[in-house]
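K.L.:
In case you want the letters, here they are:
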Amino acid sequence: MRFHRGLAAAGAAALLALAGCGGADEEDSGGTSTGGAAAEGAAELKPVPGFDGKTIKVGALSPLSGPVAVIGTPLTNGNKVFYDALNAKGGIAGKYKVELVQEDTQYKPDVTVQRYNRIKNDVVAFTQVLGTASVLAVVPQLKRDKMIAAPASLDAFWVREPNLLPVGGPYQGQAINGIDYFLKNGGEGKNVCGLFQDDAYGEAGEAGVEFAAEKLGFEPAATQKYKAGDKDVTGQIQALSKAKCDAVFYTGLPSDAGTVFGTAAKLGFAPRWIAQSPVWIDELGASPLAEYLAKTTWVVAEGTEWGDDSVPGMKQMVADAKQFDPKQDPDYYFSFGYVQGIAMQAVLEKAVENGDLSREGILEASEQLGEVDYQGLFGNYSYGAADSRKPPTTSTIFEVDPDKPYGLGALEKNYESDTVKEFEYTAR
Amino acid sequence: MSEFLQLLFNGTALGARYALVALGFVIIYRATGVINFAQGGLLALGAYLAYALNDTAALPFALAVVGAVLLSGVIGAATERVVLRRMVGQPVFAVVMVTIGMLFILEQTITSIWGFEALNLGDPWGVQTVRAGDVVLATRDLWTIGLAALVLAAFFAFFRFSKLGVAMRATAFDQEAALAQGISARRVFAVSWGISGGLACLAGVTLAAGPAALSPGIGAIALIAFPAMIVGGLDSPGGAVLGGLIIGITQAMTTGYQDDFFPWAGSNFAAVMPYVVMVLILLVRPYGLFGTKEVRRI
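Line order of the protein sequences matches chains X and B. Note that my numbering gives residue 182 to position 182 of the first sequence, counting from 1, and the numbers run on in steps of one. Note that my numbering gives residue 1065 to position 65 of the second sequence, counting from 1, and the numbers run on in steps of one.
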């Protein structure tokens, strides 16, 4: 059903974009008269590509079809609900509405580049580009076009990339915090191992484990890898079991998590699983594995559990979701998209304040941001020039609790190890 | 030793799944000389049909599977009747391209109905296991192996003793001679597609069983079953089963022992192993283990 909605939304967005193009010219010609009539005078902003003087358009390049649409659809929905709620309050600076221009990338880097080029002159910035490989593919273009984009991926390379506007603590930080938490909570001296998907995303998790091992003084007892989509991981699980792993840090995708946990459960291997945030999907909590997972699994992510009213950001987000998309189920990726909206709002507010919504203006505004407060949804991010940015160093350790929305309950909120603060982020 | 037995068991279960998929390929190839690239799509569709009958129509699981197998068979036969029959007499390449097109259509149909989320098939096996000494046997795997064995036995009986089975063998051997004997090639084609659809569904169900394992991506297994089919010989059902088992067990053993014996090959070498085995066997036996030499390749 989501697919229909996604397609329909993409189609509608494309139509709107077309209509917007036609409309922009007309408004441009009439712009001088309305501009002159405006009493505020000085506050009036010059129209630029993606901004017609009234509406700011931002792009979202996301897989809305294909297997990764399971992530792209709720994530884009998070973007959309955020901007709908913002527009209901008046928009950026209380008067400029934000419109989302969505394009389907199918999670393919070449398609992403093609779609980027299709809409780059219709938007002022990109509020979402999903997937490590897709982000890497558009970075050179972003640089040439002086455009900024918010990556929907937690790779550590984004931190030092001036044209990117990352949110959240990188995967490496999740791994470091997760392992540190385990060691400090009854895991001292126990065997820590790693299980990774065999690609760039898996490498990010592995780098975190290696850093934690070096700083915390342990040697991973075993490291295993598998290819995304493998239907048999018995060999890997047996190797971990043979190495007497007490804890396994696991970096993978939800599509393989059932196979991995299922194999471990049936072989009677029950270590403390410490899982990277994208591993989790709510269906796991409703599967026959729920009991096993509740006993063995932690998921390292950010913020708090869905519907936790004590956290202001969560309270607001749930209320917005209820008002603007009542059909949205509790979803981690939805939160991610919503948080990206907060980041983009901060940049756009700053650019409007500077009186310049051009690409150069927005890039400059992103460097003047300082710390952005995510209201407890994600850790606060300290922006600024790319080489001085500080991503959040906190992670929340969730335990599997099938009774909670989305199947995750917060075990330790905003945990910050000393080790994670030593991790250096370098440019790619 | 127990580690070896465990890997052997898991490899056999994986191989049984490959065998079911490869068997579907072989049935169609034998009858029509076409490699059906839509097999992976039919497999996924079959699994989703079982899910729908169980979850949405609330049928008991066993009944849902039987219903899905029959439905998939009908869909397979209907595909032959509506699409492929019109392609008779066209170059094999054109027909193969049509099956590739069908794969895309099936994939889109599945995702537009059921979305992209991983679903729980609703099988009764869950994560139950049986212990045999130190070896853990998952109920799901035991069922998979049992079903594959049953299907295989049924096939041999069908081809040997039933009139239709003999007609299919005759058509595979020489279409014109079979026609001259009054065998309806059309009927043979339709039945082949029907059987292949049913097999794909069964393979899909055994793959999608387990926690959150039903996703549109499960059809990708067809790519790994491909070497299984080639290893066994394109037109040999027995070869398909043996090929499936060889590939499955090789993969399981590679993941289990690579670190001990050849860590230098790089991590995750098991993914490449089916193709290595395929190339090695083809070097010695260019038509596969049981393939007929006259077989034409595409």
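Hints may be right or wrong, so weigh each one.
[Said to hold, decoys possible] Computed list of lysine to any residue pairs in SDA-like fashion (alpha-carbon distance at most 20 angstroms, straight line):
1. Lys120/X with Lys315/X
2. Lys231/X with Phe1004/B
3. Lys295/X with Leu1008/B
4. Lys242/X with Leu1008/B
5. Lys190/X with Lys244/X
[Unchecked claim] Derived list of chain B stretches under chain X, where covered just means 3 residues or more per stretch with a C-beta under 8 angstroms from a C-beta of chain X:
6. 1113-1123
7. 1268-1278
Hints are computed from structural coordinates only; laboratory data are not their basis. Glycine included, C-beta positions come from ideal geometry on N, C-alpha and C.
K.L.:
Going back to the hint list, which numbers does this structure go against?
P.N.:
1 and 3
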